[in-house]
Amino acid sequence: MTLLKEYIVPRLIQWAIVIFIGVSLTFLIPRMSPINPIDQAMGRLTAFQTLSPEATLALRQSLMDLYGLEGNLLTQYLNFWGRVLRGDLGPSFSAFPTTVADMIGSGIWWTIGLLGLSTIIAWTLGLVLGGLAGYFPDRWWSKAVENTLVSIYPIPYYIVAFILLMLFTYYLPIFPLVGGSRGTASFSWSYIGSLVYYGFLPALSLVIGATAFRFIMSKALASTERSSDYVRFAEIAALPKRRIVFRYVIRNTMLPQVTDLALSLAAIFEGALITEVVFGYPGLGYLLLNAINASDYNMIMGITLLSIVGIATASLLVDLCYPLIDPRVRYR
Amino acid sequence: MLTTIRDLFRYNSAFRYGSLILVVVFILAGLSFFSPYAPEARRVVPRAAPPSLEHWFGTTSQGQDVFWMLTFAVRNTLIVAGLAVIIGRGIGVMIGMISGYLGGRWDRFLSGLVDSFIVIPRLPLLILIAAMLRGHMTLVALGVMIGLLDWAIPSKRYRSQVLSLREREFTNTAVFSGMRSVKVVVREHLPFLIPFLLADVVSGFLFAIGLEVTLSVLGLGDMNAQSLGTMIYWGNYYQSLLANRVWVLAAPIAAAVLIVVGFYLASVGLTAYLDPRTRLARLQAKG
Amino acid sequence: MAQPPILEARDLKAYYITEAFGVRRTVKAVDGVSLSIQPGEIYGIAGESGCGKSTLLKMLLGEFEPPLTPVEGTVAYDFGEGPSDALGMDEAEVASIRWSRVSYVPQGSMHVLNPVRRIGDTFHDFISTHRPMPRRQTNEMVKAYLAEFGLREGVLQSFPHQLSGGMRQRVTIALATILSPKLIFADEPTTALDVVVQRSVIQLLKRIQRDHGSTLVLITHDMGVQANLADRIAVLYAGKLVEEADTRTIFKAPRHPYTQHLIGSLPTLEDKVARQSLPGRPPALDDPPTGCRFHPRCPYAMDICKSVEPPLVTLEDGHRAACHLITDEADHAAHSRPALA
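Chains as they are written, first to last, in this note's numbering: chain A, 59 to 390; chain B, 40 to 326; chain C, 1146 to 1486.
Careful: at least some of the hints might be erroneous.
Subject to a maximum C-alpha distance of 35 angstroms in a straight line, what follows is the list of computed DSBU-like cross-link-like pairs (lysine-lysine) [to be verified]:
#, chain 1, residue 1, chain 2, residue 2
1, A, 299, A, 201
2, C, 1397, C, 1158
3, A, 299, C, 1203
4, C, 1288, A, 299
5, A, 299, C, 1397
6, C, 1397, C, 1327
7, C, 1451, A, 299
8, C, 1158, C, 1451
9, C, 1397, C, 1451
10, C, 1288, C, 1351
11, C, 1288, A, 201
12, C, 1288, C, 1158
13, C, 1397, C, 1288
14, A, 201, C, 1351
15, C, 1288, C, 1327
16, C, 1351, C, 1451
17, C, 1158, C, 1203
18, A, 299, C, 1158
19, C, 1327, C, 1158
20, C, 1451, C, 1288
21, C, 1397, C, 1203
The set of hints was computed from the structure by calculation and includes no laboratory data.
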């Protein structure tokens, strides 16, 4: 019960606050814009295709709600929330009349797959490499790994991805330039193989950046852990170094990094958006790029909302898993 | 201050290389004031020429000299990042200090707010704002925007610094001896916070430069001004890679890498210097 | 001296040598210590914090890493098979003598046990490293041993944070002694424990030493604990051994002014006046005072103390002390002895 009251409930409240702030910001930003997005959008739409008068009216109505330009501020705000809760984000301008929700639905699984897999790989890799480098700071290999990752760490995601793209699709054309898979979706080896083939470079660029970040933190924690009493005690008892590193050092440095993962999910997600843009990977980032190019505000807004809700929820889930690995929280 | 820099330069290779790189970067930015061409001028040099003695970094398909473009780009990117850092750290320091010093209900409220902001992905928000401002975007607006979104993590760090300072003995000594609290903060705490701020400013620069590049590459920056991001954007736009004019892209990419690595190395050296353990060893050796 | 000493240090010097931002610093934490410990005895090492106790312990254990460097002298173990060097052991040698022969009881603190590992797992880690055996067998062994300590079997399933401070320290002692080592180092085993628990820990250590016939080296600043446990006591000051004698002599007839103060600071039941504490602090060991290192705080300091370092001289019954006040006396004894013969 104390676990529920002192750990789970505060995090649920926090989650609700994040959603509230995120949705409110998304509501406010277009209202403060100097340009009238509705007129712009209507202009674009009617330039692209001819619409029946009813459709135009319905569209105008949904835009009014979404951009909150009807009624007083409170009604606008409540209408906006109503649409958000119903998951009705209106139509996409560039692919009218497909709804934003539908388009996001088709892109999101690519992003989740890419993001999920590379986050797990990068987190584990950074944790273990950082732990090893922190525990054995004087070995040549730990210095080599550290120097490499530390020089990669500050480079913006976009640049890392772009350099990889140049190297491996242009100068050494071993990977495809754009796309997410080949053939129709099925549980066949060739389809899954193509998923790996197309996803490799985007995932690699994410893994490189995220591993570097995780490594730096993990190494710092492991160097502190190295002089902790229980590690010293195990060393004096001449336990095998490998066991000390994994069961004593890394097992402990892991804990704060789970909490930290929850906090850094937003940054990793941003990296994924950019990676998809660079590699033309068919996820949310690619949708976002197209939306930007086509001034599809509805779509941009939809993706913004979804990413806030999605990241907040993912952070919540990571935090809720924390007690499973820390006995001090589990048994109080 | 000068001896500090000298010591760092002498004994810390990360700081040495980092600051050398930064000197090169700043010289590059300074050279923009001596550029023979206006930043937006086109068709002033032969088109699409590879690097040569005359045009060190080659020219673009639009007839621009890449080297001189780069000097403007570095300067503008540094201006955007500097603005973002000043605004972001300004807000961060303020909230962190209020939160840390007032404590109690205020602290809980502000900490909750800060924690919520950290979890919100900033890039989509920034893209939403930038998309709304499309065509009206200026370098200053870009810097302000990035700054307004990058204060949550710094303020969390300042808060914990302030909390640890408040617990120290000299704070109590100063308070008991009747020093006014504003004076305690300014006289006793600021000297500790300033070096910390310095290291934090660097991470702010890294973040802001990354965002500037990202937004401009998406076509959401000030597309009429030269910056590292817009150089890459226009390079891609005119298909430099496929047309084998790799120098057009290589110059801004290399410059971006150089700047961030320079800042980062300098901050690594600085952090090692500020590390309480080596700091203590140094102080004891002096006393 | 029927048996050879189980542990012997000769003229041991160990310094912390650091270099930060061009400033080189040498801290002479242990500076010329010689001592020899007999099998089966309880040997106490005493002194204020900062006197070099913990550094001496690290050297005696053979567990040191830069910046701590052995500069001169030797440390040797002898388990009845001839002396073996303790300072130059490689990893395999360390693994072969630790826990089965030489063991270590750390300071009683919160963090000696891995917070995320069950006690039983930690026991298995420690035992199986030195005596490979299946998990079931270590469990049986640990259960039997813990019962002697008055600890329930359920402890094995617990995490460290679920145990009380006293239980944790008993578990730690069990962990250190389960393989019946010949030589046990105990580093401030009672510090950070409350008085009642301290008493039970002292009794526990005494019992283990008696039952296993081990040698116990007890490092603590607490002269009360020393009086309760130790057979012989060495007093360290500023990296040097200033006095060594059996416990009775140290408490009844201390010769060095520093030892006299250490003993004088102990409260007794007859106390009517406030205890006097020694003014000043132990000197910084990167720049120790010249001559006798105690002279700035010594109430009896003479001119000679400021320039000449007093030698460690042997008085009657192996009582050793280093002070100019007794150097003459010892000289006298040395001169007069041939005359008597």
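Practice task
Go through the numbered hints given earlier and state which of them the structure violates, listing their numbers in rising order.
Solution key: 5, 7, 11, 12, 13, 14, 16, 20
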